[in-house]
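Engineer: Go by the hints and put chain A onto chain C.
Protein sequence lines, in the order shown, are assigned to chains C and A. The opening residue of the first sequence carries number 1 in the numbering used here; numbering runs sequentially from there. The opening residue of the second sequence carries number 1 in the numbering used here; numbering runs sequentially from there.
Derived from the structure by calculation, the hints contain no laboratory data. Since the structure is predicted, the reported quantities are computational estimates derived from the model, not experimental observations. Yeah, the Cβ is synthetic: ideal placement off N, Cα and C, and Gly gets one too.
Calculated from the model, a selection of chain C residues having no Cβ within reach of chain A, i.e. all distances over 12 Å: (1) Phe39; (2) Gly136; (3) Val189; (4) Lys256.
Here are the simulated distance ranges between beta carbons: (5) C:Thr360 with A:Thr360: 46 to 56 Å; (6) C:Thr360 with A:Glu193: 51 to 61 Å; (7) C:Ala326 with A:Gly238: 34 to 44 Å; (8) C:Asn150 with A:Phe301: 18 to 28 Å.
Number of protein chains: 2
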Amino acid sequence: LWIIEWYTRLVKKIHDLPTPCLVLDLERLESNLDTMSRFAQERGIGLRPHAKTHKCTHIARRQIERGALGICVATIAEAEVMARAGIRGLLLTGEMVGEPKISRLIRVIKQAPDTMVVVDNSRNVEDLERAAGAAGIQVSALIDLDIGQNRTGIQPGEPALNLAESIGRAKHLQLKGICAYAGHVAHVVGFDERRAHSQRALAQALATRDLLRRHGHNVEILSGASTGTYNIDSYIEGMTEMQSGSYVFMDVEYRKIGGKSGSVYEDFSPALCVLSTVVHRSGNKAVVDAGLKAFSTDRPFGPEPFGIEGVAYEFAGDEHGRLVLAGGDVQLGDKLRFIIPHCDPTVNLYDRFFCIRSETVEDEWPIMERATGAPYF
Amino acid sequence: LWIIEWYTRLVKKIHDLPTPCLVLDLERLESNLDTMSRFAQERGIGLRPHAKTHKCTHIARRQIERGALGICVATIAEAEVMARAGIRGLLLTGEMVGEPKISRLIRVIKQAPDTMVVVDNSRNVEDLERAAGAAGIQVSALIDLDIGQNRTGIQPGEPALNLAESIGRAKHLQLKGICAYAGHVAHVVGFDERRAHSQRALAQALATRDLLRRHGHNVEILSGASTGTYNIDSYIEGMTEMQSGSYVFMDVEYRKIGGKSGSVYEDFSPALCVLSTVVHRSGNKAVVDAGLKAFSTDRPFGPEPFGIEGVAYEFAGDEHGRLVLAGGDVQLGDKLRFIIPHCDPTVNLYDRFFCIRSETVEDEWPIMERATGAPYF
Numbered sequence: 001l002w003i004i005e006w007y008t009r010l011v012k013k014i015h016d017l018p019t020p021c022l023v024l025d026l027e028r029l030e031s032n033l034d035t036m037s038r039f040a041q042e043r044g045i046g047l048r049p050h051a052k053t054h055k056c057t058h059i060a061r062r063q064i065e066r067g068a069l070g071i072c073v074a075t076i077a078e079a080e081v082m083a084r085a086g087i088r089g090l091l092l093t094g095e096m097v098g099e100p101k102i103s104r105l106i107r108v109i110k111q112a113p114d115t116m117v118v119v120d121n122s123r124n125v126e127d128l129e130r131a132a133g134a135a136g137i138q139v140s141a142l143i144d145l146d147i148g149q150n151r152t153g154i155q156p157g158e159p160a161l162n163l164a165e166s167i168g169r170a171k172h173l174q175l176k177g178i179c180a181y182a183g184h185v186a187h188v189v190g191f192d193e194r195r196a197h198s199q200r201a202l203a204q205a206l207a208t209r210d211l212l213r214r215h216g217h218n219v220e221i222l223s224g225a226s227t228g229t230y231n232i233d234s235y236i237e238g239m240t241e242m243q244s245g246s247y248v249f250m251d252v253e254y255r256k257i258g259g260k261s262g263s264v265y266e267d268f269s270p271a272l273c274v275l276s277t278v279v280h281r282s283g284n285k286a287v288v289d290a291g292l293k294a295f296s297t298d299r300p301f302g303p304e305p306f307g308i309e310g311v312a313y314e315f316a317g318d319e320h321g322r323l324v325l326a327g328g329d330v331q332l333g334d335k336l337r338f339i340i341p342h343c344d345p346t347v348n349l350y351d352r353f354f355c356i357r358s359e360t361v362e363d364e365w366p367i368m369e370r371a372t373g374a375p376y377f
Numbered sequence: 001l002w003i004i005e006w007y008t009r010l011v012k013k014i015h016d017l018p019t020p021c022l023v024l025d026l027e028r029l030e031s032n033l034d035t036m037s038r039f040a041q042e043r044g045i046g047l048r049p050h051a052k053t054h055k056c057t058h059i060a061r062r063q064i065e066r067g068a069l070g071i072c073v074a075t076i077a078e079a080e081v082m083a084r085a086g087i088r089g090l091l092l093t094g095e096m097v098g099e100p101k102i103s104r105l106i107r108v109i110k111q112a113p114d115t116m117v118v119v120d121n122s123r124n125v126e127d128l129e130r131a132a133g134a135a136g137i138q139v140s141a142l143i144d145l146d147i148g149q150n151r152t153g154i155q156p157g158e159p160a161l162n163l164a165e166s167i168g169r170a171k172h173l174q175l176k177g178i179c180a181y182a183g184h185v186a187h188v189v190g191f192d193e194r195r196a197h198s199q200r201a202l203a204q205a206l207a208t209r210d211l212l213r214r215h216g217h218n219v220e221i222l223s224g225a226s227t228g229t230y231n232i233d234s235y236i237e238g239m240t241e242m243q244s245g246s247y248v249f250m251d252v253e254y255r256k257i258g259g260k261s262g263s264v265y266e267d268f269s270p271a272l273c274v275l276s277t278v279v280h281r282s283g284n285k286a287v288v289d290a291g292l293k294a295f296s297t298d299r300p301f302g303p304e305p306f307g308i309e310g311v312a313y314e315f316a317g318d319e320h321g322r323l324v325l326a327g328g329d330v331q332l333g334d335k336l337r338f339i340i341p342h343c344d345p346t347v348n349l350y351d352r353f354f355c356i357r358s359e360t361v362e363d364e365w366p367i368m369e370r371a372t373g374a375p376y377f
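Excised from the complex, chain C in its bound form (with noise of 0.2 Å):
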């Protein structure tokens, strides 16, 4: 620790930062957060950002000081890590199947009692109801309903009011509402073509949810959006929060979308870049320690050059990448800026954001642990 402690002072300019590093620019990321948060408090809408795209308490904790009701997490480890850094709403996105995920997330809620998780399956409402009742707690629960995705998440109509009878059975179990995220609709191209796609798919989790009002059930809480749709499905009646999560960092993935006006979508500004150094330079190529390991690959398009112009990246291994120099120019040595390809795995590869204000490296924020899932407790 007084390593860190001792390097964090000795740093203090952009360019004296180890590479490959993730530095954050703050004033982008406090102009994200508020715009965000602005915009929920206008359109009266509930904001619970999602925390899988930044792992990260500091973070957390500017969203909900912004007014946020509380944060989602996608694993149990990362709601681990929320609740013991005293964060509060917690809303457990994927399902908690089996052990050891269903005692760490009794433990969870022991610490938080806020704390919401989702089930598609009645068989996990019965695992979840023993737990609770051995522990003497209450567990909220939010339908997961598959609107499209066709990933996890129950079938609209019958199929969810099935599921909300049986959780209506377990004692320890208390229906909250629906979970309704369409991650297919998020990164449609074209504002027009993003909103009919989202409004389609909504539409199912509206008539589910009247189906559930209707026969009894407590549907308080109708949980969506992304930060592709913030601005469509906030307008959509009955939606009451928000799960966007990107739009603190922004990516080269969600620049493409399109925006309300404009074909690049700008309504928050790209706050994360990966910082990499030059180590070779030849004819028209050079070459930067940032590769494979140091940005996400799950897309058909790498990272892209910020503050340059001139020149393309292109993937050439684990710890390299290559550029192809046209009209730009690099020397060996120089310190070069991307915008990260897609944001959440991107993030995923580091153990910390450097934070920038222009040049000056002002903190050093840890990202939580790897996808190991290990236990905090």
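Structural biologist: For chain A alone, kept in the frame of chain C given last:
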């Protein structure tokens, strides 16, 4: 730390592990280590395996115990971790350009004086000379030769000779030889085709070696070879050592390239899997809790189910994979193993290996820090 200890004592069976996680089959690992070590000894060639694959001092130590000359590393952070753990004979296969890398390299060399580093640029030679002179130490260098990968490395022939001359003029640098890694050949499908490619690539390294020797330069080391070419390059006259790395774990990619006989490359066994939990089951679909954050995504193929037939995996988001059931079946809560698509960037996603022997969890080995590259001193 007591948490990890308590946890390790508690968890005894693979079924109890938190998912997603990496499970390393120790019997297969040991068999892979033995096979490669025996092969190198029989061929009379040195082995300095690459640690960019495993990023783990426990595995590096087992390689050294079996006769490896040392360990190759790709980044300064890897070098630091290995040096601190007492591993010697380090070869840094990535150029150390600019601050803070050069000063970190100097500290590693003070701790582990036989550390070698590659160079491909005379300006870098000058920077290293200045830093080594100021520190009063000697730096052992290999010329990084571009034999077709078109990444880092200087061109063979005259350009390499000129670089050798600058190294010769630097009082604090000692030329040890040539690093000629043909990364573009490692995954050529078909043994004969791969051999032809590798021989063509390495012919340039041999010619450059001869040219350097004719001019009085020391080329005692000629390093190359991947897991795909260990049984090709080791038959090339004058190759002194191999830097193969992936053989410890294997992956889907290497299995596809074909062996000396047979269409699946099975000289080494797949020793590393991702363990996941089935968190959704409906129709002919199941969903596991391992997605884009749990597997490498840099190749046009995904993970392969291990020990189960009639089940195909497709990525379904950051934390999810979709299983299409065609003949095979799984139940909610089942734990499934997958052979990883590409080993290096998959290991890079995790904090530890859970080491198993048949179904028992025998040990837990830390994987070094992620891509951040922050210093360890």
